[in-house]
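Trainee: Chain A is already provided as a structure; the job is to place chains R, V and P on it using the hints.
If you want the building blocks of each chain, they are given just below.
There are 4 protein chains.
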Amino acid sequence: MGIIVINFKAYKEGSGKKALELAKIVEEISSKVDDYIAIAPNFLDMSEIMKAVDVDVYAQHVDAIEYGSHTGRIVPEMLKDIGLKGSLINHSERRLKLADIDFVIEKFRNLGLTSIVCTNNVATTAAAAALGPDFVAIEPPELIGSGIPVSKADPEIVRNSVEAVKKVNSNVKVLCGAGISKHEDYVTALDLGTEGVLLASGIVKAKDPRFALEELVGLK
Amino acid sequence: MGIIVINFKAYKEGSGKKALELAKIVEEISSKVDDYIAIAPNFLDMSEIMKAVDVDVYAQHVDAIEYGSHTGRIVPEMLKDIGLKGSLINHSERRLKLADIDFVIEKFRNLGLTSIVCTNNVATTAAAAALGPDFVAIEPPELIGSGIPVSKADPEIVRNSVEAVKKVNSNVKVLCGAGISKHEDYVTALDLGTEGVLLASGIVKAKDPRFALEELVGLK
Amino acid sequence: MGIIVINFKAYKEGSGKKALELAKIVEEISSKVDDYIAIAPNFLDMSEIMKAVDVDVYAQHVDAIEYGSHTGRIVPEMLKDIGLKGSLINHSERRLKLADIDFVIEKFRNLGLTSIVCTNNVATTAAAAALGPDFVAIEPPELIGSGIPVSKADPEIVRNSVEAVKKVNSNVKVLCGAGISKHEDYVTALDLGTEGVLLASGIVKAKDPRFALEELVGLK
Amino acid sequence: MGIIVINFKAYKEGSGKKALELAKIVEEISSKVDDYIAIAPNFLDMSEIMKAVDVDVYAQHVDAIEYGSHTGRIVPEMLKDIGLKGSLINHSERRLKLADIDFVIEKFRNLGLTSIVCTNNVATTAAAAALGPDFVAIEPPELIGSGIPVSKADPEIVRNSVEAVKKVNSNVKVLCGAGISKHEDYVTALDLGTEGVLLASGIVKAKDPRFALEELVGLK
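Protein chains in written order, with my numbering: chain A, 1294 to 1513; chain R, 1294 to 1513; chain V, 1294 to 1513; chain P, 1294 to 1513.
The following block holds chain A by itself, in its conformation from the complex (with noise of 0.2 Å):
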């Protein structure tokens, strides 16, 4: 099937032995189903996780800056170096400049690391396919934590943006997020030609994220 991306934000439900638990949750159905599903854990949790779980783990934020005199910042190498697969950039939380999405993208080309790159509409995502990052993940921000699938409320913004990013850069795979929680909302984001979701709050503060999960993959 498609991909799913989990984004722990700072939720409470999302850090520390929670975040351990879900990324559990997550290695578990992940090998019952086809889909491929990875996680966004805050930096403080991933060392923990990465040691004790088989899942695919990503970087909410990255900074754009090389090694060196720089306080409380995170360098692309560092993700590398303890194993992250990629990261989230320019999520609609953590906004970038211009110019260092595509420092970011640049950098995580030459260390074989895999960007994301969040975008608000066709245009922004267009301007990010240009800059030729893995993933670029089109997200509405009144939608985001709504409840109200992207997928159903604005199909246009999706089926626009694969269109888009085909013209720009075809190598470029497009996934949407934004209030996506239910099977059948997941099935309707790879029908608008995306390879999958970015999702958040419909797993990570769902009452049961266990039943959450294997409800979005079909398995409830």
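Everything labelled a hint here was simulated from the structure, so no lab data went into it.
In this text, a Cβ means the ideal position worked out from N, Cα and C, and glycines have one as well.
There could be a bad hint or two in this list.
DSSO-like mimics (lysine-lysine), calculated; alpha carbons at most 27 Å apart, straight line [unchecked claim]:
1. A:K1466 <-> R:K1390
2. V:K1459 <-> R:K1400
3. P:K1305 <-> A:K1378
4. P:K1460 <-> A:K1310
5. P:K1390 <-> V:K1459
6. A:K1373 <-> P:K1305
7. A:K1459 <-> R:K1460
8. V:K1459 <-> P:K1500
9. A:K1344 <-> P:K1373
10. V:K1378 <-> R:K1310
11. V:K1311 <-> V:K1325
12. V:K1373 <-> R:K1311
13. P:K1400 <-> A:K1498
14. R:K1373 <-> V:K1317
15. R:K1378 <-> V:K1344
16. R:K1400 <-> A:K1459
17. V:K1400 <-> R:K1305
18. R:K1373 <-> V:K1460
19. R:K1390 <-> A:K1460
20. P:K1317 <-> A:K1373
21. A:K1500 <-> P:K1373
Counterexamples of contact, computed for chain R against chain V with all Cβ distances above 12 Å [claimed, not checked]:
22. M1294
23. T1407
24. K1466
25. D1484
26. K1500
27. R1503
28. E1508
Mentor: Chains R, V and P alone, transformed into the frame defined by chain A:
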């Protein structure tokens, strides 16, 4: 000939009375040549310059916001209201987030203002072009204020930018900047396929700005 | 009586022609009362207002920089140069880094400009006072634009701010803001030990700004 | 003796395996002296270091937010959760807004975490002290990474900072930093009234970090 946009920056030599004097010099020389010469003074000097001088005036920056509860910000509509021609957007000294660049370009399109998006390399030039601004101005940051003209030091970045823009959106025009002050560098910029140049210190901080500008346009 | 500073923000009702009209109303009402009434319009409108009206004009913001290669920024010296009285600093809609607040206050002291540092609680009020500005303006962010006057909703924060400032640096004067528009709230603010009020929407977005201001100063 | 906090920054020499090695060196030397030696590695390395080494670990930065929909951010509670001792706050390479410094200090007080607020001059030191953190660390930015020790180059700024803090809030302890790497500079810092030093490159980028640290604490 071509287009010349002079960024007054926050130079002492380009603010207050000096800004007005400089604007008058631009007006005078403008009338003697075919080149389109415009200026981008700071916000405080615009109103007076626009009353005194018949030259197109651009802002150096504008905020990606609507009218409302924002303190210390400038709304795109305010630029229109006061009679500005447009604005520089995303200058290397005032980088914007991708979503904000898109917001301003889209807003300018509706308001009939001219958008000049500054970029730092071929990749970001292509990305900016995908957003459909009027102009992209490629300026390698390491050459800004260096006195080393981009058109001589790095003709490839200019040529490749022009080509990349053509591929992405052929309606977008290209300027280049950084280190330009001599007539031959300006001519080279045009030969490389740009519509003109964006410059600052080469004129504004010149010992004799009138002479420097006359030299640039080939009157000396 | 006291001090009234009216922040025009980026309100449509406080920019362009409306800004000039409002400035004239302030000038007229100023002449009828003992209160000191000043205004803080946006950068683009200042020059014209200052020529047309005899009212002290403040900036809403200023950048913590020296003259130089800064695009889209306003240097403290530029405010002095154009004849401004001073500036709001660190408004809740334009928060600054601690080191930058200090830079601007120190610069203003040397330039003879008046610094009004906005703060959000008693602790930051004390901290700002330690930097030695002319004024600290305590504004609980949750009340800004609410129509609920801080002097009524949270008199303790005002009283404690006044006391905290006295302890740290008794030369610093205190204003308060947020939700104030009625005469009695203004009077209460003075009774709580402040020198006056900072306000915005209560006047600028009032159906009849003249009436609102007359009411504020007790003429109605 | 005193307090030594070693900021690993985003140095290559202070991340990944090198970070762990360095932490072990600190643990070992710590056991031989009376000085309190703590470290501030990057977020990704903390978890492993804390399992392997018995040394107090601080964050280099923390975001001024609550648990919730924030991507790529670290919440104060997460630091507590993972067992950190506290955090540097407002380092010159990661300056914060005044209101955010206050937010973190207040949050740390409730969580029992140790707050070390970095400042750049006597005025900001006094302002930071007014917020009631555990420590203020005065570091003139121009000396950071310079190899010129603040305690020798500018003893007045240290002495005056200590005095200013005493006046504002005598519970706040003072560290100083910038350019320190020699034992005598550390001793001078203590003689000037500080509780210790904050340093980075002098140890982390030393050819032989063990030797450098032994020298700092007077074992060589």
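Trainee: Any hints this thing doesn't respect? Which numbers, in order?
Mentor: 2, 4, 8, 18
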